[in-house]
Amino acid sequence: MSDDDIVDVLIIGAGASGAAAAWNLVDTKMRIVCMEQGGWTNPSDYPTTGRDWEVRAMGAYNQDPNVRKRPEDYPVNDSASPISIANFNGVGGGTIMYAAHFPRFHPSDFRVKSLDGVADDWPIDYETLAPYYAQNDEVTGVSGLDGDPYYPAKKVQMPPVPLGRGGEMLARGFNAKGWHWWPSDAAIATEPYEGRAQCANLGPCMTGCSQGAKASTDITYWPMAIRAGVELRTHCRVREITVNDDGFADGVIYYDQDGVERHQRAEVVILASNGIGTPRILLNSKSKLFPDGLANSSGLVGKNLMLHPYAYVRGTFDEPTDGHMGPLGCCLWSKEFYETDLARGFVRGYVLQSARGEGPVMTATTGIGGGMLPWGQGHHEAFRKRFAHTMSLAAICEDLPEECNTVTLDPELVDSHGIPAPKINYRVSENTQAMLDHGVEKASEVLRAAGAHTIDYKAPARPAGWHLMGTARMGTDPSKSVVNEWGRSHDVKNLFVIDGSVFVTSAGLNPTSTIQALALYITDQMKQRLANLFD
Amino acid sequence: MDQDALLAFVDTIIPAGGGAYPMPSAAAVEVFRAMSADEYDTHWRACLTVVDQEAISRYGGGLAALTPAERTALIEELQRAEPRVIKALIVRTVSLYYMDDLVMTLVGMEARAPYPQGNTVPETDWSILDPVKQRGGTWRKAN
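Heads up: the sequence lines are chains E and G, in that order.
Under my numbering, think of the first position of the first sequence as 3, with each following residue one higher.
Under my numbering, think of the first position of the second sequence as 65, with each following residue one higher.
Derived from the structure by calculation, the hints contain no laboratory data.
Among the clues, some could well be false.
Unchecked claim - Simulated crosslink set (BS3-like; lysine-lysine; CA at most 27 Å straight-line): (1) G:K197 to E:K179; (2) E:K157 to G:K205; (3) G:K197 to E:K460; (4) G:K205 to E:K156; (5) E:K179 to G:K151; (6) E:K387 to G:K151; (7) E:K387 to E:K179; (8) E:K71 to G:K205; (9) G:K197 to E:K156; (10) E:K482 to E:K115; (11) G:K205 to E:K115; (12) E:K157 to G:K197.
Required output: the full structure, derived from the provided sequences and hints.
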């Protein structure tokens, strides 16, 4: 096995957090290398450039790595989970395929133990992350509307994504109920921003944005980081982190783009592979010093997996909506049921996030598959009443940490390099199921108030494992957490984790903004402590 | 298994519409009419063969020889017995059907990819948000 020259900082993963970290560390003048198991995507290859855009979303651009099955996608055994895992392996990571709904956590989300007596408080608070949220928003370019009474004051960069006909129908429904709603915070350019074109309302943001309006990190952070000297090595898959006799990480074993096994030495290793990939690498990094996997003296690596179960509720209207036109997941959202009210039968809460409609192929396939549309006689009438006549609401439920929800190494399943695949054991708790049921009820109420004549739903929706959190949690007590309050492993003092793994609790909303704010915060902490980083 | 079986199957899944919905049968759209057996992928052909062979074993003739009612009954039964086979065929059928130029036009779309032209979404009059602003409220304090 060949030994590469030593680098100062090695980042594993070029997605949401890895990109932000690389960019934030460039002013240290250190030699920084990032390894990414996938490659660059080309927006001209994204499905929306072709007539078969909906079909490709079911295959080559499916959110599920077990369906995509590209060589750079590792399989995930999620047969013991009611929710399947979604990810993307390539420069930009999950931001290539995310909906770009870009809310921040709320101050209360960092204090669930103190406020509601469940789970644990974070060792940091909203005020700690606030400047990093703002910095990340500036780089990302966030559209939205200032003044949401349910948020501390914050600044957006661009006007909100238009509601469209369907969104306005939903807004009227919320108004009729007297419930909170607000236009989405979206990582989508609604006007030209930092070289990015403005949104053209292509529709399916979740198969990559051909327009370049969506802020995936391959077009935001990475060009700046690379220009400043960061080396990004694509098609390099890390198998394990190696350690020296003193218990420090000294590099990684990886497979290069030709499949050759190599050893990259490094002074500092940063894990940025998110809530499944990070514990997978840590658990696969066994040694004499760390027989249970690296950084795992607490036994918590891979435990407390949180997924945000979704209740997906769709209304069908007589009045036409805009169908698939407009950003699918960015329109409006409601925090009416976000904070704890024990009278509802559960603790914590959820947001209601709207989703626009589907294109004709998806309308037909999901409609027939779900029993809402017939094939044969009657198909055309039923199709026309459904196509471009739907809007949906998703209740994104706060998933509380439970040690029984785990990522482990599958004893048999391996990726294309023979590295053990992650195995997911996950169940929906009683509290979360009560929240899902409540979400279905309330989403149905507002959809009917908006004029929907038919409601269908799934709770939990299976293909909704987008948010992967909690499997290397942050904390001050080494027996109850994997990394400290600034992201450094308790056990290995030159190993950092900066992705969704470090989440202590999950909030009830999309996590990418918080993942990136954490990456900026942790790398800032590193910069401030360079003289005694390993003490 | 030949093209007649293919056309019989897709016509059963998406027959011609009438009245207020004058849509063509899937068997009449170009993609299916022009498709030769060589163009079926392996899985598609295998699934269709299952249906055609079942028709032969039950009725003594292939799917194309059955009446529309017999085809419907057979596929409904197979949908229960071989759900994955029928699901694969239906997904493929409706996917190709709703990508056809004429069909897209008839359902109100332009027959093109979303990019680069994009789509127009009406701008929003944000006075619709006034009731929320008037109601007020605040975020939950954490301290």
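These are the hints, each one checked on the structure:
1. G:K197 to E:K179: holds, 15 Å
2. E:K157 to G:K205: Answer holds: K157 (chain E) to K205 (chain G) is near 19 Å, not above 27 Å.
3. G:K197 to E:K460: The hint is violated at about 32 Å.
4. G:K205 to E:K156: Holds: K205 (chain G) and K156 (chain E) sit about 16 Å apart, inside 27 Å.
5. E:K179 to G:K151: The given pair, whose Cα atoms are some 40 Å apart, is violated under the 27 Å limit.
6. E:K387 to G:K151: holds, 22 Å
7. E:K387 to E:K179: Roughly 26 Å between the alpha carbons, so the hint for K387 (chain E) and K179 (chain E) holds.
8. E:K71 to G:K205: violated, 45 Å
9. G:K197 to E:K156: Distance ~16 Å between K197 (chain G) and K156 (chain E) Cα, so the pair holds.
10. E:K482 to E:K115: The hint holds at about 15 Å.
11. G:K205 to E:K115: holds, 14 Å
12. E:K157 to G:K197: The hint holds at about 17 Å.
In summary, the structure is inconsistent with hints 3, 5, 8 from the numbered list given earlier, while agreeing with the others.
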